[in-house]
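Student: Here is how the chains run, residue by residue.
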Amino acid sequence: MIDGAVNALELDDLSVAYRIAGHDRAVLRNLSLTIRQGEAYGLVGESGCGKSTVALSVVRYLPRNGSITGGSIALEGQDVMRLDAEALRRARAESVSMVYQDPGKALNPSLRIGRQLTEIFDLGGISGQAAAERAIAMLNRVRISDPASVMQRYPHQLSGGMQQRVAIAMALANDPSILVLDEPTTGLDATVEAEVLDLIAQLRSELSASILFISHNLAVVSNMCDRVGVLYAGMLVEEGPTNDVFNNPRHPYTVALLRCLPRVGQRKDQRRLDTIPGSLPGIGVAIKGCAFADRCALATERCRTEFPPLYDLGDRLSRCHYHDKAQSLPRATAADVAPSAPRAATRPVLRVEALNKTYGSQGQGLRAVKDISVSLQPGQTLGLVGESGSGKTTFAKLLMGLVRPDDGGTIELEGTPLAARLDSRTDGQIKAMQIVFQNPDSALNRSHSIRHLLDRAIKRLAGLRGKALDARREELVSSVKLTARHLAVKPRQLSGGLKQRVAIARAFAGNPRLVVCDEPTSALDVSVQASILNLLVDLQAREHVSYIFISHDLAVVRYLADQIAVLYLGRIMELGPSEAVFGGPHHPYTEALLSAVSRLERTETSRIRLDGEIPSAANPPKGCVFHTRCPRKMGPICETEEPPLSEAGPGHTIRCHIPYSELAKLQMPKTTADVG
Amino acid sequence: MSATDDLARTPEVDTGTRREPLADAFLALFRSGPFLIGLCIVLFWIVCALFGEHFVPYDPLADDIINALVPPSSEHWFGTDQLGRDVFSRVLTGSRDILTVAPLATLLATIIGTALGLFVGFFRGIVDDIVSRLLEAFMAMPVVIVALLAIVALGTSKTTVILVIGLSFAPIIARTVRSAVLAERELDYVAAAQLRHEGALYTMFIEILPNILAPILVETTVRLGYAIFAVATLSFLGFGIQPPSPDWGLSISTNYGLISGGFWWTVLFDAIAIASVVIGVNLVADEIHGAFND
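Here the protein sequences line up with chains A and B, keeping their order.
Just so you know, the first sequence maps onto residues 1367 to 2042 in the numbering used here.
Just so you know, the second sequence maps onto residues 327 to 620 in the numbering used here.
Only chain A is shown next, with the shape it has when bound in the complex (with noise of 0.2 Å):
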């Protein structure tokens, strides 16, 4: 072993360029950056910044089209850039070791994971006997509790989180030097990515090596690592100690970054989200002055001609001319909110009551949605939360007349009933309800120009021709702040923020009276997501629309939604006003599942973690569904007898057995901590 000064992992100046149509396009420009001996460092930045392409460069695993321009690359002092191809594979074998984002497509499915782990240590000359009881240590070291049984399962067979594990296990096989993460819980539920974050956590503690996290998630970053760069256009445009350059930021970038997240507490009829202006410089594009001054609001003339070094601060660097300054960055979306009109109707919208859907044969088969009631008022919002498998997006087709429910419950809108399929459904009850999909790439036809698409729609839920239509579409495309010239381009052109903005436009163009949202924002950088966010609230204030929120991020649910229905295994267990199902006493599922959000704010409250996985729908547990993972279970009668919906509060039920005096008692220190 090298002596303990000798860093990790040090990069110099190091410029990596694809080429791309026949030219050399610069990704990471002069990046210099060091990882110390046993120590966690986050790079953060929005998605084309260049972060995994950080990753790949430190094993010199760039795809074809890339390749590294200038600078170096050191592992624990040894130049990576003059191995030759057997001291590179040696280097990529023993001392790097990479999680990647999706654990599905890093895992080979064909292949047992047990033949998968002990492979690692065929390479390092264990075979045999020998090579699997290294395997099943390395297992119970990420905390799975049947190592041996894994061993025989094929990826498939494992949850995602379960996967992330033997992942993570595969990459500490052999005893790397340096861990790179690059996005390790992306795409994973919020209670499993509690899980495998506190994995990591732990592990830290036990093992030496040092860790590259990198992130889009800030509020991962601040709970995981030492130390934060911030990238941006391929540039550290800040770095330091993580506390303070997330809670004193000296680049406007990082100060525009934090204020895009909605606040612990933050609610829409409070304070709009801010926003940052533009989109990141496009890859390869010459950058003479600083990168970012096009959508900082404090760029002056020298901002714009002199290219800002790295600032020394201390123990810190910023790359912005006037870093003094940088919290003093004016927001670029007005704070005020639009007031919303008068509520006057007090028929709701939308009434459901006791729908289910069953999939299978009747009785015996999959009960996604199990008798749920809510209803909505105009202009409100609900929220619904769960972990994947809730029956959330189930739940949203049903309304819509996509999937057909089970007989005997009502959907009303507006106080008629509403057909169970689609086709009988009228052509106004059609467009008075729309739905936003998750992934605009799959909801617009990427055939058609965006022109079309919202022509069709306001033809076949407007009725509007000629003129009318004309006029309509400049209204639509001027209310989601797209321009003309968005008109003539296809979806594939667009960037994600504004495909989700044409898939929004579409989704008014009748004047809908409710509109469910699947996940809008969940593909999108928080730049992104915050200004639709803010789009999705100026529509409601002004047309007093009603929204299904449909989120897995509690965060935006809170600072959206004014009910909130917490869903289980296609039950409610909670639902109530927004303020009372996030103020706590709270569901033990809602409380596990809040505790489960990672926050910028720093807080070792007690953390409740939910053991083992979300129970098959085909075969829900018996009484109570959630007594499997409950944290707080009472006794047998969480077994037999399903509790029902209780009244907590004005509103609020909450399917518990537990009292709701006892349950507020039980929930009171964390309620208390977590004011503010």
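Because the hints were derived from the structure by calculation, they are not lab data.
Every value quoted in this text rests on a predicted model; they were computed, and no experiment measured them.
Some hints could be false.
Calculated Cβ distances over 10 Å to all of chain B for the following chain A residues [said to hold, decoys possible]:
#1 Arg-1385
#2 Leu-1399
#3 Glu-1452
#4 Gln-1495
#5 Ala-1498
#6 Gly-1526
#7 Asp-1548
#8 Asp-1592
#9 Leu-1695
#10 Gly-1767
#11 Gly-1781
#12 Asp-1789
#13 Ser-1808
#14 Leu-1835
#15 Glu-1945
#16 Pro-1981
Computed footprint of chain A on chain B; a stretch qualifies when at least three of its residues, placed anywhere within it, have a C-beta under 8 Å from a C-beta of chain A [what the hints assert, rightly or not]:
#17 508 to 519
#18 532 to 543
Partial chain B-side listing against chain A, Cβ under 10 Å, derived [claimed, not checked]:
#19 Lys-484
#20 His-523
#21 Glu-524
Glycine included, each C-beta is placed from N, C-alpha and C at the ideal position.
Dock chain B against chain A, hints included.
Tutor: Below, chain B without anything else, positioned relative to chain A:
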């Protein structure tokens, strides 16, 4: 609304770097050697079919009994056949019938197959079950046997050949289109169309069809190669192109008995011609397939 427009500052529409995927694929095609070779072969035969009779040395249909079965010479490059017709002239003009019949048959197959595939893929369920089983049963029968039966029943003519080959290839194209439609149907834009109460025909032809043109084009070019082969086979069997056309398959059929007599030139050049067209079309088809499946 917000004072500073989110979008007003930077152009996010970037037409320069993101071309149409189809256009990209075509650009790649024109840089590929095998594709260009295949295209040249096919174009050569198309030119021969259109204008061959104007530049061949002899009338391909003119008898000259005195000079029958002359071996290749400077006067008759490919020799002459039983009736003294110039083989070189006949080979060059022999592409005319096959290059009308085979593409028309393929076009027919593509139209019927696409419509069928869209229909069963879109409606799924019982419609799919029934139609798909029928198509599979149909595909299980050898093309040539079906064609022979149909031609015996309907009489020989180019129209019959087009109909027979077109109909027997349609199920294969329908199968390809169906699987493409099944994948597209899961995308949310189809649900969005349903939520606008779009009719089935609109959804199938305006929403889905433009997105599956690539697999249809690939399948069509592959089928064209098979169609040429099938037409030649039928002509050889006497059920395809009829005399006195200089068609290659037909020529081989009339002359193959002469090979044993040593008159190889009456058959060889026609066979090479058929092979070259099929190879040309297959080169093109392979490269198109590659370009659209990368």
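Student: Each hint needs a verdict: does it hold in this structure or not?
Tutor: Here is what the structure says about each hint:
Taking the minimum C-beta to C-beta distance to chain B, about 13 Å, the non-interface status of A/Arg-1385 holds against the 10 Å cut. At the 10 Å boundary, the C-beta of A/Leu-1399 stays outside the reach of chain B, the nearest C-beta of that chain being 28 Å off. For A/Glu-1452, the requirement that its beta carbon stay farther than 10 Å from each beta carbon of chain B is met, with the minimum near 32 Å. With a minimum CB-CB distance of about 45 Å to chain B, A/Gln-1495 clears the 10 Å threshold, and the non-interface call stands.
With a least beta-carbon separation of about 41 Å from chain B, A/Ala-1498 lies farther than 10 Å from that chain, consistent with its non-interface assignment. No Cβ of chain B comes within 10 Å of the Cβ of A/Gly-1526; the nearest lies about 21 Å off, and the non-interface call holds. For A/Asp-1548, the condition that its CB be more than 10 Å from all CB atoms of chain B holds, with the nearest at approximately 25 Å. Separation of A/Asp-1592 from chain B is adequate, the least Cβ-Cβ distance of about 35 Å exceeding the 10 Å criterion.
No beta-carbon of chain B comes within 10 Å of the beta-carbon of A/Leu-1695; the shortest separation is about 12 Å. A/Gly-1767, annotated as away from the interface, has a beta carbon of chain B within 10 Å; the closest lies near 8 Å. A cut-off of 10 Å between C-beta atoms confirms that A/Gly-1781 is not in contact with chain B; the least separation is 21 Å. Consistency note on A/Asp-1789: stated as away from chain B, yet its beta-carbon is not over 10 Å from all of that chain's, at 8 Å minimum.
With a least CB separation of 4 Å from chain B, A/Ser-1808 falls inside the 10 Å interface cut-off, contrary to its annotation. Look at A/Leu-1835: its CB is around 14 Å from the nearest CB on chain B, clear of 10 Å, so calling it non-interface holds up. The beta carbon of A/Glu-1945 sits about 27 Å from the closest Cβ of chain B, which is more than 10 Å, so the claim that it is off the interface holds. Even its closest Cβ contact with chain B, about 27 Å, leaves A/Pro-1981 beyond 10 Å, as expected for a residue assigned away from the interface.
Only residues whose C-beta sits within less than 8 Å of a C-beta in chain A count toward coverage, and the region 508 to 519 of chain B has 5 of them, enough to reach three; the restraint holds. With 3 residues having a Cβ less than 8 Å from any Cβ of chain A, the region 532 to 543 of chain B passes the three-residue criterion, so the hint holds. Evaluation of the B/Lys-484 hint against chain A yields a violated restraint, the C-beta minimum of about 36 Å exceeding 10 Å. With 10 Å as the threshold, the beta carbon of B/His-523 comes within range of chain A, its nearest partner Cβ sitting at about 5 Å, so the hint holds.
For B/Glu-524, the interface hint holds, the least distance from its beta-carbon to any beta-carbon of chain A being 7 Å, beneath 10 Å.
When held up to the earlier numbered hints, the structure conflicts with 10, 12, 13 and 19 and fits the remainder.
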